[in-house]
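Chain by chain, the residues:
Number of protein chains: 4
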Amino acid sequence: MPGRGPRPESESPPRWRRRKDARPQEIVAAAMDVFVERGFAAAKLEEVAARAGVSKGTLYLYFPSKDELFKAVIRSAILPNLEQAETLAAAGGGPCFPVLERLLRMVAHLVATTRAAAIPRLVMAEAGNFPDLAAFYHREVIRRAFGLLASLLRRGIAGGEFRPVTVDATVRLIVAPLLMSAVWRSSFDGLDGDAPLDVPALVETHIDNLRRVLLRGAGEK
Amino acid sequence: MPGRGPRPESESPPRWRRRKDARPQEIVAAAMDVFVERGFAAAKLEEVAARAGVSKGTLYLYFPSKDELFKAVIRSAILPNLEQAETLAAAGGGPCFPVLERLLRMVAHLVATTRAAAIPRLVMAEAGNFPDLAAFYHREVIRRAFGLLASLLRRGIAGGEFRPVTVDATVRLIVAPLLMSAVWRSSFDGLDGDAPLDVPALVETHIDNLRRVLLRGAGEK
Amino acid sequence: MPGRGPRPESESPPRWRRRKDARPQEIVAAAMDVFVERGFAAAKLEEVAARAGVSKGTLYLYFPSKDELFKAVIRSAILPNLEQAETLAAAGGGPCFPVLERLLRMVAHLVATTRAAAIPRLVMAEAGNFPDLAAFYHREVIRRAFGLLASLLRRGIAGGEFRPVTVDATVRLIVAPLLMSAVWRSSFDGLDGDAPLDVPALVETHIDNLRRVLLRGAGEK
Amino acid sequence: MPGRGPRPESESPPRWRRRKDARPQEIVAAAMDVFVERGFAAAKLEEVAARAGVSKGTLYLYFPSKDELFKAVIRSAILPNLEQAETLAAAGGGPCFPVLERLLRMVAHLVATTRAAAIPRLVMAEAGNFPDLAAFYHREVIRRAFGLLASLLRRGIAGGEFRPVTVDATVRLIVAPLLMSAVWRSSFDGLDGDAPLDVPALVETHIDNLRRVLLRGAGEK
DNA sequence: AATGAATGAGACTTCATTCAT
DNA sequence: TATGAATGAAGTCTCATTCAT
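Chains as they are written, first to last, in the working numbering: chain A, 8 to 228; chain B, 8 to 228; chain C, 8 to 228; chain D, 8 to 228.
Bear in mind the hints are in silico, worked out from the structure with no lab data behind them.
Everything hinted at is true.
Identical copies carry no separate label here, and so any pair may be met within one copy or between two of them.
Mimicking SDA-like on lysine to any residue, the simulated pairs with C-alpha atoms at most 20 Å apart in a straight line are: (1) 78 - 122; (2) 51 - 71; (3) 78 - 49; (4) 51 - 40; (5) 51 - 136; (6) 51 - 137; (7) 51 - 78; (8) 78 - 146; (9) 78 - 198.
Hey, can you work out the whole structure from these sequences and the hints?
Here it is in structure tokens:
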């Protein structure tokens, strides 16, 4: 019994042991906050450590460098996105436009409520300094999201639901307002006493516009 | 003779001494390059000085700090924008949509061809670290540009040319694809063997869409 | 079975519990390897622990600090030397030169075959940082070895076997090639494609030379 | 003492520019002291800077890293050696043994009087951590010195002055006492109240011994 | 007796900024 | 006006050492 390792792990915590498996995630969460607030270069590991409630050295037990911690932050923000995308993609048959609507509202919600909305800005800002990370993000998030939308558009066009639009350009035009909103919120929002960006309203208008742009016979009435 | 380094040092001053007024602009130009390539924090004044053909110390004759140099770079990228905006605003009477078209194509050209297209990304990336700069940019560039578009929309609506759209949201939806293009070009473009972003094509599709969205009676035909 | 790691952990204790006395020696052995390979400062306790098959913390159950572990390593390399010395010293009466021969060949064998040959280099390298250790080594190893040789020389001289050489200097001249060989092997050996140092051959020549130098009437034939 | 720049250095020269070309050498000299006293790893650049009378950052104006500074120190100690070697080699015709004598006394003088005598110990101590440096030293110093001695021996043998000794082994046996002396002086000298190593006396005995070993017909009288 | 997660002092290194020339 | 050698604060990263389990 003596030489036993740590973590009985489950039974009644008499003292409340430190949940060690949670450590990396706690650190990533703290790092996300600091990176989002300061940007990569201006983020100090000292502050990350302080917010995670650990010492500076502890960071290096889990991440070999600031770069890798940064990448871990970005990656950790990707998983939810991917799952989100899967969920959306699963919404099978029927008309396409309602799927598009749900999709846009979902992303709008994410943009409006989560702090991970600042991730795209981080990635774009540091793309030049982390080409591999930019490539990773591009491949795993952007391309996938674009592909999803492109499929949806093509299905709608094939089924006669959508007008025969230029798929690639339209995908970008669909995404742009959401991306801009995400970036906006973490850059200019609340400046100068302006009202904060009303993402839901923006998206509803966007959806209305898309209805006119995409649907056959829409717009005339 | 113009872009030459420093110190003619000896021979008879050619009547007009080395245009000392050009110095700051040369420095700002060099700084813009470096900031755009590296981001604020990763930009080294050593490299700025080298590209400007001056010594590090000389930078401090014109700019009191790296921060101020950065701000000068951003501000210097604003002037052309403002003039651009004036020009556009001057396009007086007649139908509004063609004005909008010209405007979008003009910006698209800027985005596609100038390196200043990376400025918005810089500003957004450093907004958290330079709140006053973000505010300045927001006030002097964004608000002005948004105001311009809003006026145009209102005039079009009042004249019966445009449908009664939600002005604020529509302004953002008009701008978003251009902003996204600007950011995109300096972040992801050329990654993974993808074709580079075709900004003109994107803008033409955007204009087509806006025609359906904005113009009364458009779209049914 | 012996060199195994820790933690039999569960099955019936095989009568004699894991020879706990062996632990410190296993650690010292592992530490010797690492110190020899890396030098004191560059040696990491992490690696020592890994090679000893224990955890880092365990080291501190046996040695209060890295310094003390280092000293233990050096001391552990002294014991065999001392025993060696005793053995040599025990080789009593008769002519002295054959004793010297055996002695040199014995040391040469140690230098050529054991990794402890790197100890002198370690001690010399760290003498400045561990004055007490250097003093200890000097007192317990060097002085003793020198004394042994000095006695032998004096006996030989007294018995008319050796010429009346300067004892102190001759002792050093006897030792130097062996010491140099030990250091050489752990520093330059195998560099640049050179053949490795042939210690036995070197010692045989050394013995030949010493025969001419020490023995009365030697050399003329 | 306040925010002043760099050292006016002291008295009168009221303008007297900073001898900037001397800087690197001053730094190397200071670094040699610290490396010799502490060893590579335990040497602190802070202390090097302090002894050189410059700031820490200044070191990096001249040497890109601690490693490179170390290598520069070693290399700087090689030049004199090489020149020394050239001088020795230039000692042309005539009998060989006197040349050998002069050579040994010269090196003995270096060992006894200069602080660079500690360089071999440094190189040997760090050979494992700086293989390229060890190879460099081996190639540029050791091999050259060995070659010089080997030539001398061969010439002496060919001329009938020397007995037909094994050249390689003999070279090492000639060098060993000097190398050991150099190492000794920076490791054990003065320990325990012993008298410091009398290098000249040692070398004279060594020369006497070599006379018996090398010269034809020597020793019998 | 043993573990290994956690610590934090300390080292190297960078770079914006200064100032004598 | 211009230089560039020099500075030193600050940041990243390492690793000997500790301690709750």
